[in-house]
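S.K.: Listed here are the chains, written in short residue letters.
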Amino acid sequence: MSVHDKARIATAQASSSPFVPAAVEFQGVSRIFGTVRAVDDINLEIPAGEFFAMLGPSGSGKTTCLRLIAGFEQPDAGEITIFGEPASSLPPFRRCVNTVFQDYALFPHLNVLQNVAYGLMIGGVERGERERRAKQALAMVKLPGLEARRPAQLSGGQRQRVALARALVNEPKVLLLDEPLGALDLKLREEMQIELKNLQRSLGITFVFVTHDQGEALSMSNRVAIFNAGRIVQTGTPQEIYERPKSRFAAEFVGGSNVLEPAVSARFGGPERLVSLRPESIAVTPAEAAAALNLPGAEGRCTDVQYHGSYRRIFVDCGGGRLVAALPPSSAPVSLGETVRLSWSPGAMHVLESEE
Amino acid sequence: MTSLASSPPAPEAALNRIADALYLRRGLLLTLLLVPPLLWLGVVYAGSLFALLLQSFFSIDEFSGTIVRELTLKTYGELLAPANADVILRTITMAAAVTVGSALLGFPIAYYAARYAKGRMKAVFYLAVMMPLWSSYLVKVYAWKMLLAREGAVAWTAGATGLMPVIDAALGLPIIGGPSLSVSYLGQWLVFVYLWLPFMILPVQAALERVPGSLIEASADLGAQPRQTFRHIILPLALPGVAAGSIFTFSLTLGDYILPQIIGPSSLLLGQAVYMLQGTAGNIPLAAAFAFIPIAVMALYLLAAKRLGAFDAF
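Heads up: the protein sequence lines correspond to chains V and W, in order.
Under the numbering used here, the first sequence has 342 at position 342, and the numbering climbs by one with no breaks.
Under the numbering used here, the second sequence has 1190 at position 190, and the numbering climbs by one with no breaks.
Rather than coming from a laboratory, the hints here were simulated on the basis of the structure.
Keep in mind that this is a model prediction, so the values were computed, not measured.
Some clues are possibly wrong.
[Claimed, not checked] If we take Cβ atoms under 7 Å as the criterion, some of the chain V residues that face chain W in the derived model are:
| # | residue |
| --- | --- |
| 1 | Ala70 |
| 2 | Phe72 |
| 3 | Pro86 |
| 4 | Ser89 |
| 5 | Pro92 |
| 6 | Phe93 |
| 7 | Asn98 |
| 8 | Phe101 |
| 9 | Asp103 |
| 10 | His109 |
| 11 | Tyr118 |
| 12 | Gly119 |
| 13 | Ile122 |
| 14 | Gly123 |
[Said to hold, decoys possible] Listed next, with one range per pair, are the computed distances between beta-carbon atoms:
| # | chain 1 | residue 1 | chain 2 | residue 2 | range |
| --- | --- | --- | --- | --- | --- |
| 15 | V | Glu79 | W | Gly1213 | 58 to 66 Å |
| 16 | V | Pro329 | W | Leu1028 | 23 to 31 Å |
| 17 | W | Leu1033 | V | Gly337 | 53 to 61 Å |
| 18 | W | Phe1311 | V | Glu191 | 34 to 42 Å |
| 19 | V | Ala77 | W | Tyr1116 | 23 to 31 Å |
| 20 | W | Gly1213 | V | Gly124 | 21 to 29 Å |
[Said to hold, decoys possible] Far from chain W by the CB rule (all over 12 Å, computed), these chain V residues:
| # | residue |
| --- | --- |
| 21 | Asn43 |
| 22 | Glu79 |
| 23 | Gln114 |
| 24 | Pro144 |
| 25 | Asp178 |
| 26 | Arg201 |
| 27 | His212 |
| 28 | Gln214 |
| 29 | Gly270 |
| 30 | Tyr307 |
| 31 | Phe315 |
| 32 | Leu327 |
| 33 | Pro333 |
All C-beta atoms, glycine included, are put in the ideal place defined by N, C-alpha and C.
Can you make the complete structure from the sequences, with help from the hints?
M.R.: Okay, structure coming up:
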């Protein structure tokens, strides 16, 4: 059974049984800043134990949603429940959730150990016990031996781990992560992605992860919600989101896609509907071969070639529209200005339900 | 040789050469910028301070009243005489009380300005805090004398609102009370706090402004109630600002010699003592020894603040 299947079963159980409440549930939640509907009538259910990603461009409302769960914002309409308990009127310090902040928000006047033990200290855990647990948490995030340092003496990656340990040491039921990897360099980011995923699996805590990086959302989470303009445009497993986007926005934001207008789609041999065609499902083929196999396709002139290492993107002007194809390194080189024949399997053309 | 830059007319070329030289030799620019203020600090300020302190190691001939220019600690011994020690103790107590009062009154205002005031409200805040500094010190002090007098506006308002018993009770207190606010330590403290409050508010506000809002959210997120967040996060991070502000309020009170002449009881504060000793009494050495007290007190105060970790936050 794959992780995705498990998540789906968990979802099904959560929604069918009133005795297993969802970790977080939004019912018609709105948050309005002046005239901006930052979060606009959102309904959402995050089952317990899930790694849930909120994905969207900046200003799409995903961070506001996270802040609503944490309690830093109060909804203007609707109700938020955390493990079945209405949370809308609870201040942050009465919620069983902890947050890893985008800027880490480490306390500059406290050392690493004091930072991690802060929640326990506030909770009245006596000194020896809280230091023991703080050290345990630091070991869990693989950061032993730096207990006496101040945050200012740490690197970005180390600060990130301290922030993670500081949240996890309180054993929250839900861990909220606000673009926690945004400030790290690529290699460190990939390392942390794996570690976060492993931590979530071994601890079994619900993770709610906000990101604008679609690769991160797809590779780490059980389910993804795509945000746009304060609304959720689609929720699903990474595979569903990528393979069966519902709208132009979802298709273009996640993975990048060629979106064909109905007329163009029909001309290229597809249905007369709005259609998404992933760049990597397009192949450059000799014209005769494609015709023989009766594949849909188009012919055009190559206007740009971008080298990306593991693949190449070629931009082809096909009269009615421009198509982007991602070609594996093994494919025959295409040069600028060359006329090429593009083809794809009929199944690669995915019909989109709407624009948004 | 070909030049990379096009050649401008002669005077401009000279200016350009100076600009280039200053840019390339940062040390030269720094020297040019620092020499005048360093001369000021070194010769005028530190020099006069040294001359003053030197005077404190001279003594005065009790019969002729002339200054004996021989190094001695005799004058410092005189500071310990009950009348002089009284002045020192009284002044330090008043300075401490003024500092505590300013901190307690100034902190909420600074907190509001740093965390909540935006745009126009922030401008109003700066205006309101700075406005008292625009009018003459002397005018303000005399205005307060009028306000605090037995027949003044404060007493009148208290009478009209039935609060007179409160003022009478305060004036009935030993030591700090008196026949009226304008001749009591209470009134003196009140006016000192009024005068030096801006010097407390501004550094505290600057310190609080450097505390990111996410730290306060993080503290709440980790389970801290507002008072715990204040105690464990906001206060320690604002402490350098409070320390800076208290340096102002403390030292300004230690040195003031005009306000206590106008408001408060007839007993002297340190500034008045110095003023009288170097003026009417002509005892420059004792005046200088007195003047050394605020320096010593401030040095000890800063040392204690540092020990307590007031400057650790950043």
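S.K.: Please settle this one: arginine 201 of chain V was flagged as non-interface, so is its CB more than 12 Å from every CB on chain W?
M.R.: holds, 24 Å
S.K.: Next item in the hint list is phenylalanine 72 of chain V. Is there a CB on chain W closer than 7 Å to its CB?
M.R.: This interface hint holds because 5 Å falls under the 7 Å limit.
S.K.: Taking 7 Å as the limit, does the beta-carbon of proline 86 of chain V come near enough to a beta-carbon in chain W?
M.R.: Nearest chain W Cβ about 19 Å off; hint violated.
S.K.: Can the hint on asparagine 98 of chain V be confirmed by a CB-to-CB distance to chain W that is less than 7 Å?
M.R.: holds, 6 Å
S.K.: Take a quick look at phenylalanine 315 of chain V and tell me if its Cβ sits farther than 12 Å from every Cβ on chain W, holds or violated.
M.R.: Fine: 39 Å to the nearest Cβ keeps phenylalanine 315 of chain V off the interface.
S.K.: Hint check: is the beta carbon of phenylalanine 101 of chain V less than 7 Å from a beta carbon of chain W?
M.R.: holds, 5 Å
S.K.: Please check whether glycine 1213 of chain W and glycine 124 of chain V have a Cβ separation lying inside 21 to 29 Å.
M.R.: The hinted range 21 to 29 Å holds for glycine 1213 of chain W and glycine 124 of chain V, with Cβ atoms some 26 Å apart.
S.K.: Mind verifying the non-interface call on glutamine 214 of chain V? Its CB should be farther than 12 Å from each CB in chain W.
M.R.: holds, 25 Å
S.K.: Taking the beta carbons of phenylalanine 1311 of chain W and glutamate 191 of chain V, is their distance inside 34 to 42 Å?
M.R.: holds, 37 Å
S.K.: When you take the CB atoms of proline 329 of chain V and leucine 1028 of chain W, is the distance between them in 23 to 31 Å?
M.R.: violated, 56 Å
S.K.: Let's test the interface hint: is any C-beta of chain W closer than 7 Å to that of proline 92 of chain V?
M.R.: holds, 4 Å
S.K.: Far enough from chain W: is every CB of that chain over 12 Å from the CB of proline 333 of chain V?
M.R.: Since the minimum Cβ distance to chain W is about 41 Å, proline 333 of chain V lies beyond 12 Å and the statement holds.
Taken one by one, the earlier hints fail for this structure at numbers 3, 4, 15, 16, 23, 25, listed in ascending order.
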